[in-house]
Structure formats: C-alpha cells, structure tokens
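Visitor: From first to last, the protein sequence lines are chains A and B. Mapping the first sequence onto full-length UniProt numbering, position 72 (from 1) lands on 72, and the numbers just tick up by one. Mapping the second sequence onto full-length UniProt numbering, position 19 (from 1) lands on 19, and the numbers just tick up by one.
Please keep in mind that the hints were generated in silico from the structure rather than gathered at the bench. Glycine included, C-beta positions come from ideal geometry on N, C-alpha and C. Incorrect hints may appear among the rest.
Claimed, not checked - Pairs of lysine to aspartate or glutamate, EDC-like flavour, derived with a Cα cap of 20 Å: (1) Lys122/B / Glu33/B; (2) Lys122/B / Asp40/A; (3) Lys52/A / Asp40/A; (4) Lys122/B / Glu82/B; (5) Lys122/A / Glu33/B; (6) Lys52/A / Asp68/A.
Unchecked claim - Label-pair distances were calculated between CB atoms; the ranges are: (7) Glu33/B / Asp147/A: 44 to 52 Å; (8) Glu153/B / Gly38/A: 47 to 55 Å; (9) Gly64/A / Asp43/B: 18 to 26 Å; (10) Asp43/A / Gln76/B: 18 to 26 Å; (11) Arg148/B / Gln76/A: 46 to 54 Å; (12) Gln76/B / Gly64/A: 37 to 45 Å; (13) Arg143/B / Ala125/A: 38 to 46 Å; (14) Gly13/A / Pro152/B: 55 to 63 Å.
Protein chains: 2
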Amino acid sequence: MLDGGEPGTVRPGGRTARVREAVLRAAEDALTEQGFTGLDLADIARRAGVGKTTVYRRWGTVTGLVTDLLEDMAEQSAPRTETGSLLGDLTANARLVQRTLTDPRQGPLFKALIAAATGDAKTAAALHRFYDIRVREWAPCVRQAVDRGEAPEGTDAHEVVRAVSAPLYYHLLISGGRLDEATADRAAEVAVTAARAGVYVRGGGKLRRV
Amino acid sequence: MLDGGEPGTVRPGGRTARVREAVLRAAEDALTEQGFTGLDLADIARRAGVGKTTVYRRWGTVTGLVTDLLEDMAEQSAPRTETGSLLGDLTANARLVQRTLTDPRQGPLFKALIAAATGDAKTAAALHRFYDIRVREWAPCVRQAVDRGEAPEGTDAHEVVRAVSAPLYYHLLISGGRLDEATADRAAEVAVTAARAGVYVRGGGKLRRV
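Looking at chain A on its own, in the form it has when it is part of the complex (with noise of 0.2 Å):
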C-alpha cells in the first residue's frame, strides 16, 4: 500500500507525489484494458494499491482523472527529430504518431482518452492542451521549411503539423482503415505537397474555386 509510505524511501515530491504516480498509472491500465465506459475509481484505488477515500477526495470523479491524467502526460516531452528536408521531418512525424496508434497499450489508451473527452469539457480542454503541446514541439521543422525556402511565408506551422496527423486519427477513430507505415508516409507527403503550394498560407485559399 502506498498509503503506509516509509520516510526512508521518499522520492522527489513525496508521499502525494508518489500517489498521484501510482494513481495515475493505475487508470492508464484501467484505460487500456476496458476502456472509459465502465472506469471505476474504487477499481483504479485498488489496482494503485491506494485507499479509495484518498482517490475520491483527490480527484473526486473519474472524469477528474482522466483530466489530471491528460494534464500529467503533457508534462511528458519527447523530442523532435530533425533531418534537414520538411518531408524527412514530417515523415518521422507522422512514423511516430502511427507507432503509437497501432501500439498495443497506446493505442487504445488514446482511443479511451478521445472518447472521455467527447462527454465532458473539462476533459476535452485537457486533451487540446495536450495535443497543442506536441504540435508546438513539431512546429519548428515548418518554420524552418520556410526558411530554407522549402514552403512560402505565412505558412501556418500548427496546421501543418495538425495535418500529418489527421488521416492518422481518422483511420484509428473513423474510418477503421489500415494504419501502416505507408499511410504514415502518404500523410506525410500529403501535407508536405500542400504546404509547398502554399496552401497553409494564413488567410489562404491559393486555388481558383469554380
């Protein structure tokens, strides 16, 4: 039981700290395995080995943690990789999303985390700051594109890196359809094609509509 805490072996943050930890990591696991239909917080306090008044009176709804949950996972960084072309850039972009979607544990928690978020706004804000997080962390490979010349001024970088990901996500949610590495790659060329001919231009619309 974390309850009964030993002084001597108290990592950084301490005993709520390792709670939270331990909490947290518990209802990933529940996440994974059921689902969020169904998610118990009494469920998620014995599988952390955490007294279930503690768990109640911390995060009070399940709704709640899944919100710190999302709160918790944008503090995680991973980093960008760079390769010096947009499209090599992007491609590990979008390689790196299909991993985590077609992964085992990741992807149905994301799919559990999406559909949370579908029914309570709170949820749904914590998972636009996550997901804002990591295109932040990516815009950088556009912006440099552009300087380099690769994509035209005023292109948005946000959109951009939003837009690798999108038939990624649609596949996993919507559509059902094959989530391999050459749907990674044609993403990937998608946005890098669309960018170069300056559609992501702010206030775009580059193309003559009939």
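Using the hints provided, position chain B relative to the given structure of chain A.
Guide: Relative to chain A, chain B alone:
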C-alpha cells in the same frame, strides 16, 4: 405508447418497424443530449414510449442499440453535389461535413457515436460501414476528375474523399480547433493539391524522401 399500436394507423413495415423507428430516434435524442456515457436502455424506452422489455428483448444492450442506429443511418442517403471540377465537388463535400459536425444536434450525436465505437468492436464495425458508404457516394467525383485529366490514373478515390474529412474530424475530436467554412475549404484544397500531384496514386510515394 407505441406498444399499443392501432391497426388502422399501421405504416409500411408495420408495428415492428414503427417501434424500431421510435426507439432509434429516442436513442439519437439521448446520445445528443448526454453523450454515450450514462446511456440507459430503460430511459430510451421511456423516451420512445415503448415497453422496457421490448427494448431489452430486441437490442439487449446499449451498444447493441447504438450499433443498430448506425446501421439505420447507413441506409439513409444524401445526394452528392456535382460542380464539374474536383475542387468544387470536394469543397461541397467538406462544407457538408463541416455543417454536420458544427450542427448543434448532429455534432454531439457524431461525437457520441464515435466514442461508443471506441469501446465495442461491433459498434466500430457499424461505424466503419456507415463511413464507407458515405465515402463510396462521393468517390465518383474523384474518378470523374481522373477522366477529365485533373488527377492521374490510379488515384485512390476513397482515400481522397477520406482526406477531405480527416482534418475536420481531427478538429472536432482531438485539437478543438476552429471548424468553420475556411477550415472546410482548406481541407478540400489540401486534398485536391495532393491528388493533382499524384500523392494518392495507389502504391504511391511520389516525393523523394531524404
């Protein structure tokens, strides 16, 4: 109570069809108002004015009912717009999707259906079928564009149509980004630019990778 159907008012399909219609519309109402979580067969039976045992006997579970709703929605058909150009056609498609997802009733309904599909394989299969039918309805606009020489032979028409929707669903479910007409128009422009460049040619990979 629909359960007490009067013989004189029987519409085509009879009482069974009328009960199904009432229950599916009640399920839509419940999903729209409260999302997938907390959906309750007894509440839906009450909304529909149908006996609880009828609903339990016929649909068994909430996911069974949601799956049937998706199968019913798949049978509805909306005519495709034909403008004479790929950009015109796909812009019409993107705006239709954008209007649907921002509609105060349809938006929450689709979110709830997608959330339901994350947790149940049969519901997911019904969701994929629903979208597959919608994609098939619009794919001819890409094949016509190939015939007109707007996009190369071998262009994967289904993937082009899915690509138009993907950023709109990404904003709805993942990023919380703006879902206005400009977003829709850009989604169509991206897909058209990439299609013209041959990125959607099957077995593709048109751009040189570093």
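Visitor: Quick one: are Arg148/B and Gln76/A within 46 to 54 Å, going by C-beta?
Guide: holds, 49 Å
Visitor: Can you let me know if the beta-carbon spacing of Gly13/A and Pro152/B is within 55 to 63 Å?
Guide: holds, 57 Å
Visitor: Taken at face value, is the distance from the CA of Glu33/B to the CA of Lys122/A at most 20 Å?
Guide: holds, 17 Å
Visitor: With respect to the beta-carbon atoms only, verify the hint that Arg143/B and Ala125/A lie 38 to 46 Å apart.
Guide: Once the Cβ atoms are compared, 42 Å apart, the range 38 to 46 Å for Ala125/A and Arg143/B holds.
Visitor: Check whether the Cα positions of Lys122/B and Asp40/A lie no farther apart than 20 Å.
Guide: violated, 23 Å
Visitor: Can you let me know if the beta-carbon spacing of Gly64/A and Asp43/B is within 18 to 26 Å?
Guide: holds, 24 Å
Visitor: Is it true that Gln76/B and Gly64/A lie within 37 to 45 Å of each other by Cβ?
Guide: holds, 38 Å
Visitor: Regarding Glu153/B and Gly38/A, is the given constraint of 47 to 55 Å on their beta-carbon distance met?
Guide: Holds - the Cβ-Cβ distance for Glu153/B and Gly38/A, about 49 Å, lies within 47 to 55 Å.
Visitor: Holds or violated: are the alpha carbons of Lys122/B and Glu33/B at most 20 Å from each other?
Guide: Judged against 20 Å, a Cα distance of about 23 Å means the pair is violated.
Visitor: Compare the distance between the alpha carbons of Lys52/A and Asp68/A with 20 Å, and conclude whether the hinted pair is satisfied.
Guide: Satisfied, since the Cα-Cα distance of roughly 17 Å is no more than 20 Å.
Visitor: Determine whether the Cβ-Cβ distance between Glu33/B and Asp147/A falls within the hinted range of 44 to 52 Å.
Guide: Cβ of Glu33/B to Cβ of Asp147/A: about 49 Å, so the range 44 to 52 Å holds.
Visitor: Tell me if the straight-line CA distance from Lys122/B to Glu82/B falls inside 20 Å.
Guide: Roughly 34 Å between the alpha carbons, so the hint for Lys122/B and Glu82/B is violated.
Checked against the numbered hints listed earlier, the structure breaks hints 1, 2, 4 and 10; every other hint is satisfied.
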